[in-house]
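**Q** Chain residues, written in single-letter form:
2 protein chains.
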Amino acid sequence: MGKEVGKILGKEFGMEYILRIDVGRREFRKERVVQEDLLIGGRGLSAKILGQEVNPMCHPFDPGNKLVIAPGLLAGTMAPSFGRISVGAKSPLTKGIKEANAGGTAAQKLDRMGIKAVVIEGEWQENQFWGVRIGQEGCEFFSADKLAGKKNYEVAASLRDRFGEKVAVVSIGPGGEMRMAAATVAVTDQEGRPSRHAARGGLGAVMGSKGIKAIVIDDSGASRVEIKDTEAFRKAVQSLVEALKADKGIPRGNSTFGTPGGVGFVNTLGSMPTRNYRSGSFEQAENFFGQTIKEINTRRGGTMHGCMPGCVIQCSIVFHGEDGGHITSAFEYETIVMMGSNLGIGDLDAIARMDRLCDELGLDTIETGSAIAQAMEAGALRFGDAEEVRKALEEIGKGSPLGRILGQGAAFTAQAFGLKRVPSVLGQAIPAHDPRVCKPVGVTYATSPMGADHTAGIDYRDSLSREGQVQKSKNAQIFMAAMDSVGYCMLALPTRQPTIYPIIADLLNARYGLALTAEDIHKLGVKTIQEELIFNRKAGIDPQRDYLPEFLKTEPLPPKNAVFDIPREEIEAIWQAL
Amino acid sequence: MGKEVGKILGKEFGMEYILRIDVGRREFRKERVVQEDLLIGGRGLSAKILGQEVNPMCHPFDPGNKLVIAPGLLAGTMAPSFGRISVGAKSPLTKGIKEANAGGTAAQKLDRMGIKAVVIEGEWQENQFWGVRIGQEGCEFFSADKLAGKKNYEVAASLRDRFGEKVAVVSIGPGGEMRMAAATVAVTDQEGRPSRHAARGGLGAVMGSKGIKAIVIDDSGASRVEIKDTEAFRKAVQSLVEALKADKGIPRGNSTFGTPGGVGFVNTLGSMPTRNYRSGSFEQAENFFGQTIKEINTRRGGTMHGCMPGCVIQCSIVFHGEDGGHITSAFEYETIVMMGSNLGIGDLDAIARMDRLCDELGLDTIETGSAIAQAMEAGALRFGDAEEVRKALEEIGKGSPLGRILGQGAAFTAQAFGLKRVPSVLGQAIPAHDPRVCKPVGVTYATSPMGADHTAGIDYRDSLSREGQVQKSKNAQIFMAAMDSVGYCMLALPTRQPTIYPIIADLLNARYGLALTAEDIHKLGVKTIQEELIFNRKAGIDPQRDYLPEFLKTEPLPPKNAVFDIPREEIEAIWQAL
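Which chain is which? The protein sequence lines are A and B, in order. Each residue of the first sequence is one higher than the last, beginning at 1 in this note's numbering. Each residue of the second sequence is one higher than the last, beginning at 1 in this note's numbering.
Please note that a few of the clues may not be correct.
DSSO-like, lysine-lysine: derived pairs with alpha carbons at most 27 Å apart [claimed, not checked]: (1) A/K553 - B/K553; (2) B/K420 - A/K398; (3) B/K235 - B/K248; (4) B/K538 - B/K228; (5) B/K538 - B/K527; (6) B/K391 - A/K538; (7) B/K228 - B/K248; (8) A/K398 - A/K474; (9) B/K245 - B/K235; (10) A/K146 - B/K420; (11) A/K391 - B/K391; (12) A/K523 - A/K553; (13) B/K228 - A/K538; (14) B/K391 - A/K398; (15) A/K420 - B/K146; (16) B/K294 - B/K420; (17) A/K420 - B/K245.
These are calculated hints, taken from the structure and not from any lab test.
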């Protein structure tokens, strides 16, 4: 155990590295970042590395695929809400390029160690699972044989026992080991719980295909991140914090109630998927209202917390049970809808336990919820029956045939059961915003290189209109690509989002000694999407095609009875001028 | 029962019709064939109808998809081996256009009734399955409630009891009802057995999605097919029969031993998939030799027979068991390899029973065999265990979760089990000719609009060389597209294949009163492929891409230890000049 096979990774101030981990040779290699890449991080850096190094036509589990884990550009600084970590690879779900990001503490530690990206590459010999420890004084592979098959909470606890409470753990659950297309990459939060997930696109399966069960990130001994102009940086941070505090809209809502704060709004608007996207509003929605959850949870001793150090929003819900014990952390809107209303289930505690089980197994709650909805649609499970859902999740964990169907996601499950109504784009389940009522996000689902992914660009303004939605989606997609590349959290965005561009420019200038403008931040987003579209075109995914499933265009969604009616030609022109 | 809802379909001499069956309105409509379409049949006509009428981006089970059943151009005449019937649709397996053809008696009857194609279209209400009877005096829908869930042999027997022994039955088994992507469309042979299958591409699932369990074709009362110049026709038929009889090569081999006649050759060459395409030759191959099978079968009272009236080759094996009773008809090379050597099974009787079970359930033996090999690769079943395979087939019939995985084919099963080595192209399993040793067929798999399909163009001449294989595949693909459009059987092809072009021109000229040349027959093939490539491009499948899976290029195949090494650029240029 603990055999050190890697080379020493020393951090030198101002020197940024890419850390390459070859799982075939079990070797580490540090690679100096070239000047032009210094200002690409997170999703942007992942897109660049994958675009340059991975054959878009490869099988996602081919040795040639790579898993890129890249912190945002300001992750290690004291700037709040910049600690997102991007995980990228060719996706086993969408079969295109994919990035999913998460909070937690991993990004900060990597940035503090001068690591711009961890690239997991090479051909695993498939004899046993490995763990990797990345430390300031060196890196090592260690046997993860005893962790194989274990759930994420046990894995994180065991590794924190062994390597110290302060390490960050990036791990996969049984879902990733079984290479399920709904498998996540879990990241520990400030309490050491593996509750933050780079959830979408089955990236956990790619990590599984590389034989890596867990990565331990230990930044003890690392110096603080170098800031070229500390005073300018301090000022920029201050202006960000003030802007967020003064904002009466989104930041305050998320800060008060977390993401369930929006349930009342979307339920009334009618975009909240219910019973397999058959309705946009749920008769038991009140159970999910932000205020309801807060009241119950506070009474039970649950809290709001920041998943990343220094977060001023603290939107994440640490949810407790009736007995006062912890059930799950990061109890989010998407989970509550996709495993709640979309399955006809209104029992909040039951949904919280499903969330925990998904975190344990390392499964995307959106994809898994939608997959279970397909099994319900086919009559294999019953809508509204939380106990059946629990058992179905256990089946996934066991890798039974039913579990292997569900664990591959919604489109796969729909095919297994012969359904023709498939709520997915590029094989990825439509999340908890129905595009018939939130049309801008429908354009995003139809055209994003990420497939059906609300985090790729959502906009609820005047969302039922047919006018201008393509442009809104385009703006939102570029904006989110920029945010994902600097590593800023979408749940901490100011209500008037682009106001953050100049602040980010100021922060980057102060951190790296540059002279960026707000426009340069926008360009980061454009460039990232361009690279992703090129990858996907080479993978056989046409950037000029509307991939939205037909039923959204023909089946009216109650109660608004809206269909998705943005003209195909408009949608397919979205990337013509980028 | 037997309520007549359709309009009368009368045949007028020289009048050719397309019969449209609207499953939503339960109506029939006969549509006069325009002059320019008179000379398109089978696969070519299917490609044209699908190209004009089906949105390539639709879900294969969308109401907008159509199932085209089209006899060849000479099916109803006395010309031998021209009785193939093409079935076409957007495929739930390849997600592109698909044609699969079969023998049996349906094509002759349709042609005799003047029906160039049956087009099943519209939106099924999904309350109950229907049967359709196509008769000379009229057509009708009848309830198939009592047939739902029944296997093909029982369905055919029941319908022949009811409608007369001479009818042809086109039906789906439980596989098609459950919309499995390995589901076939079965056609009865001359003995009334549903042993001929339009097997590939999951077209049975499309028929199932239209709610049609069976089509009964009753040509009683139909006159003979009109021949414009009977004397010229007789002469052309005579020259074909003489050419086949004089041919000492392929026709004689098939005539003597059926398709297993080739086992010795391919096993020695090393292109016979064994244990999930891990080897190209099988230690128990002698069990499968044409001569071995013939000896055993003759002793038991089995026979060779022609699956179509008037066939002079008679390559189809009616296989009997030890007790002298009938086990299965049409016991073919592909089945014997894909359910035999490729599963590590050498027990001929067991394989024959698997073949029968696949015919009963309406499953493609290639796709299903390869799917089971994936489950074996994953350790869920054991290589070499025929009893486990039998049970697995029963699972498919029951629609259990494991059955629903396997019934969706090889690529789907590989994904369910997290495998990265996926022996398929466009989601369709590679048949019983390994492309590492038979390189021309590898080019076909990589580039055919049909996905991995040996019937789309195979050539074993100098098949291990790297030289000229793209051109060979291209020639073979065009040739087969022409044959599939005139409805000629690939198992009755002269050894020097193009010698059949002028004979076909003579036959068509005599039948229809035309002046076609051999070149015109070739052009039929070109036009068909062109239309299919256009459909696929619109469906998101790039005609200029090599879709062959990577492992075939990197993993040497014993005993020849060959890899597939035709340069990608050459392959991707195949359709540049068509």
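**Q** Now tell me, hint by hint, if it's right for this structure.
**A** The hints, checked one at a time:
1. A/K553 - B/K553: Between A/K553 and B/K553 the Cα gap is close to 42 Å, so the pair fails against 27 Å, i.e. violated.
2. B/K420 - A/K398: Judged against 27 Å, a Cα distance of about 20 Å means the pair holds.
3. B/K235 - B/K248: 22 Å, holds
4. B/K538 - B/K228: Violated. B/K538 to B/K228 sits at ~40 Å, over the 27 Å cutoff.
5. B/K538 - B/K527: 17 Å, holds
6. B/K391 - A/K538: 41 Å, violated
7. B/K228 - B/K248: 33 Å, violated
8. A/K398 - A/K474: This hinted pair is violated, its Cα atoms lying about 41 Å apart.
9. B/K245 - B/K235: 15 Å, holds
10. A/K146 - B/K420: 25 Å, holds
11. A/K391 - B/K391: 25 Å, holds
12. A/K523 - A/K553: With Cα atoms ~33 Å apart, A/K523 and A/K553 exceed 27 Å; violated.
13. B/K228 - A/K538: Not OK: B/K228 and A/K538 at ~52 Å, beyond 27 Å, violated.
14. B/K391 - A/K398: 21 Å, holds
15. A/K420 - B/K146: 25 Å, holds
16. B/K294 - B/K420: 39 Å, violated
17. A/K420 - B/K245: 49 Å, violated
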